[in-house]
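Line by line, the protein sequences are chains A and B. Going by numbering that gives the first Met the number 0, the first residue of the first sequence is number 0, and it counts up by one from there. Going by numbering that gives the first Met the number 0, the first residue of the second sequence is number 0, and it counts up by one from there.
Hints are supplied without guarantee of correctness; some may be wrong.
Pairs count within a copy or across copies, as identical chains cannot be separated in the list.
Unchecked claim - With a Cα cut of at most 20 Å, we get these calculated SDA-like pairs of lysine to any residue:
#1 Lys126 x Asp213
#2 Lys126 x Arg212
#3 Lys126 x Ala275
#4 Lys6 x Asp213
#5 Lys27 x Glu255
#6 Lys27 x Glu113
#7 Lys126 x Glu223
#8 Lys6 x Ala131
#9 Lys27 x Asn51
#10 Lys126 x Met263
#11 Lys6 x Gly52
#12 Lys6 x Gln130
#13 Lys126 x Ala268
#14 Lys126 x Gln155
#15 Lys126 x Asp5
Keep in mind that the hints were calculated from the coordinates and are not lab data. Remember, it's a predicted structure, so these values are computed and weren't measured experimentally.
Protein chains: 2
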Amino acid sequence: MNTGADKLGTLAIVGVGLIGGSIGKAVKERDLAHRVVGIEADAQSAQWAVENGLLDAVSDRVPEDADLVALCVPSDAVASWVIDLADHAGVLFDVGSVKGPIIESVQERGAVPERFVPCHPISGSEKSGPQAADGALFNDCTVVFTPLDNTSDAAQQACAYFWQALGATTLQLGFAEHDAALAVTSHLPHLLAFAFMEQVEEPHLALTGGGFRDFTRIAAANPELWWRIMRLNRRALAGALEQYSDNLQTLAAAIETDNEVQGMALIRAAAAKRQAADKTEN
Amino acid sequence: MNTGADKLGTLAIVGVGLIGGSIGKAVKERDLAHRVVGIEADAQSAQWAVENGLLDAVSDRVPEDADLVALCVPSDAVASWVIDLADHAGVLFDVGSVKGPIIESVQERGAVPERFVPCHPISGSEKSGPQAADGALFNDCTVVFTPLDNTSDAAQQACAYFWQALGATTLQLGFAEHDAALAVTSHLPHLLAFAFMEQVEEPHLALTGGGFRDFTRIAAANPELWWRIMRLNRRALAGALEQYSDNLQTLAAAIETDNEVQGMALIRAAAAKRQAADKTEN
């Protein structure tokens with residue numbers, strides 16, 4: 000296995016959707032592998048990905064000689080691939096948005112392979128499918144690794160090198176810590192935006208500005224994917240929602256009772272945090 | 000008063016912040032008025048606006064010969080300007096985000112002048128002050144007019160011509176209907192985003208992507224301005240929040256109980272509406 004600056008031999012991508020397709024595209028654009036092979040149940044998507052240069056070939060199974068296997072299937076489908084590939088010689092990683100349930104699901108069926116590195120690139124789009132693939136999707140993206148005690152250092156290094164070559168930064172966290180944080184920073188906003196769109200009616204659409212557009216953009220995300228994510232992380236999400244509901248009720252009560260001191264203090268703190276977040280990015 | 004394609008004589012802008020400054024900048028860039036005079040309590044902001052070409056001059060009062068007076072002060076300061084200018088010969092409009100309370104506040108102090116056109120350009124930015132002025136802010140922006148029974152047609156036409164010259168589209172609504180709709184499309188998203196930021200802590204900031212950034216952008220908005228807007232429209236906002244809380248609870252319960260049929264139906268409907276909103280824009 001290539002763990003340094005040398006070109007990869009064979010990269011296998013299981014699941015050629017937005018993320019898998021973007022990995023293929025980024026790898027081909029940067030010429031990071033001699034061969035990129037896709038494993039994709041949807042024959043049309045797979046064909047499209049080959050014709051458009053995201054993959055070199057499609058296969059119905061992961062090649063024996065794959066050095067690196069990117070499992071880009073939905074979170075609830077990752078565990079069975081990990082178990083199936085337990086004896087494969089390559090390094091495996093997934094890209095699921097929820098780490099605990101994936102790891103627990105593997106553990107229920109057998110030992111977690113040392114060469115499996117649970118990964119989560121915090122990146123995405125409200126679009127889906129290989130047609131939306133973007134070779135720059137991982138530029139400036141944070142990829143969280145949630146290794147277990149037995150995860151091999153060499154496998155982690157190989158993954159870190161791979162993601163960094165795609166322009167990403169890597170970060171290590173415990174899986175429970177990851178899932179609790181992502182419940183706040185990603186899953187809760189999606190839940191809130193989906194619920195918000197329910198009450199938007201057609202006549203409202205003429206009365207919207209840039210704020211509405213940005214606030215609701217994530218509600219256009221893939222419903223199947225997001226149902227799975229929210230369901231898998233439902234324990235952490237419920238905790239995040241409980242805290243949110245308390246905060247919302249306190250702020251709403253300040254408005255309702257015209258309590259300017261409390262209301263302004265809450266809004267000022269929120270605005271200051273959001274402004275600081277922009278500075279952190281830059 | 001100029002109601003057609005001729006250039007305005009004098010435009011007065013009361014309150015030279017983001018909106019007032021952007022009106023000045025847009026008018027100067029398009030050469031729509033012979034003279035743009037600003038009335039602004041903050042002497043430094045006023046001076047900056049003159050030096051940077053947003054205004055021709057500053058004044059401590061609205062010139063007698065102003066053809067058009069743009070009241071760009073905060074919503075709760077509009078009524079006293081309207082009353083003070085009741086005998087002025089020019090057409091007046093405001094840009095407040097909440098119309099009912101402004102109109103009621105004028106009515107409590109006297110008759111609403113026929114030449115006052117309550118306006119709301121649905122446009123803005125999380126930025127504030129004349130330094131953030133943008134001459135293109137009203138391009139493709141919808142400006143809602145909420146005229147009363149006695150509002151003069153000529154005044155409405157003059158305002159419509161003015162806003163259209165800045166690139167905007169105009170739309171007429173009753174003020175109560177406007178306030179109920181904007182509670183949903185603008186004030187509720189701000190309330191939700193402010194409340195959301197309360198639970199975001201510093202370690203979360205490394206774990207955010209584009210979805211978080213877009214969803215929370217409006218929480219960086221001017222706290223004083225938004226406290227006033229939410230407080231003024233608190234009746235309509237409370238109604239919108241009640242409906243929202245019901246929808247949120249239903250969706251959260253579907254996730255909690257793993258009710259895929261109901262949860263997927265809700266999320267699919269939300270995503271379809273959001274996708275349709277993008278098509279409406281284009």
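Results for each hint:
no.: 1; hint: Lys126 x Asp213; result: both (15 Å within a copy, 15 Å between copies)
no.: 2; hint: Lys126 x Arg212; result: both (15 Å within a copy, 17 Å between copies)
no.: 3; hint: Lys126 x Ala275; result: between (28 Å within a copy, 14 Å between copies)
no.: 4; hint: Lys6 x Asp213; result: neither (39 Å within a copy, 36 Å between copies)
no.: 5; hint: Lys27 x Glu255; result: neither (56 Å within a copy, 41 Å between copies)
no.: 6; hint: Lys27 x Glu113; result: neither (28 Å within a copy, 67 Å between copies)
no.: 7; hint: Lys126 x Glu223; result: within (12 Å within a copy, 36 Å between copies)
no.: 8; hint: Lys6 x Ala131; result: neither (26 Å within a copy, 48 Å between copies)
no.: 9; hint: Lys27 x Asn51; result: within (11 Å within a copy, 49 Å between copies)
no.: 10; hint: Lys126 x Met263; result: between (37 Å within a copy, 18 Å between copies)
no.: 11; hint: Lys6 x Gly52; result: within (18 Å within a copy, 56 Å between copies)
no.: 12; hint: Lys6 x Gln130; result: neither (26 Å within a copy, 50 Å between copies)
no.: 13; hint: Lys126 x Ala268; result: between (33 Å within a copy, 16 Å between copies)
no.: 14; hint: Lys126 x Gln155; result: neither (29 Å within a copy, 42 Å between copies)
no.: 15; hint: Lys126 x Asp5; result: neither (33 Å within a copy, 47 Å between copies)
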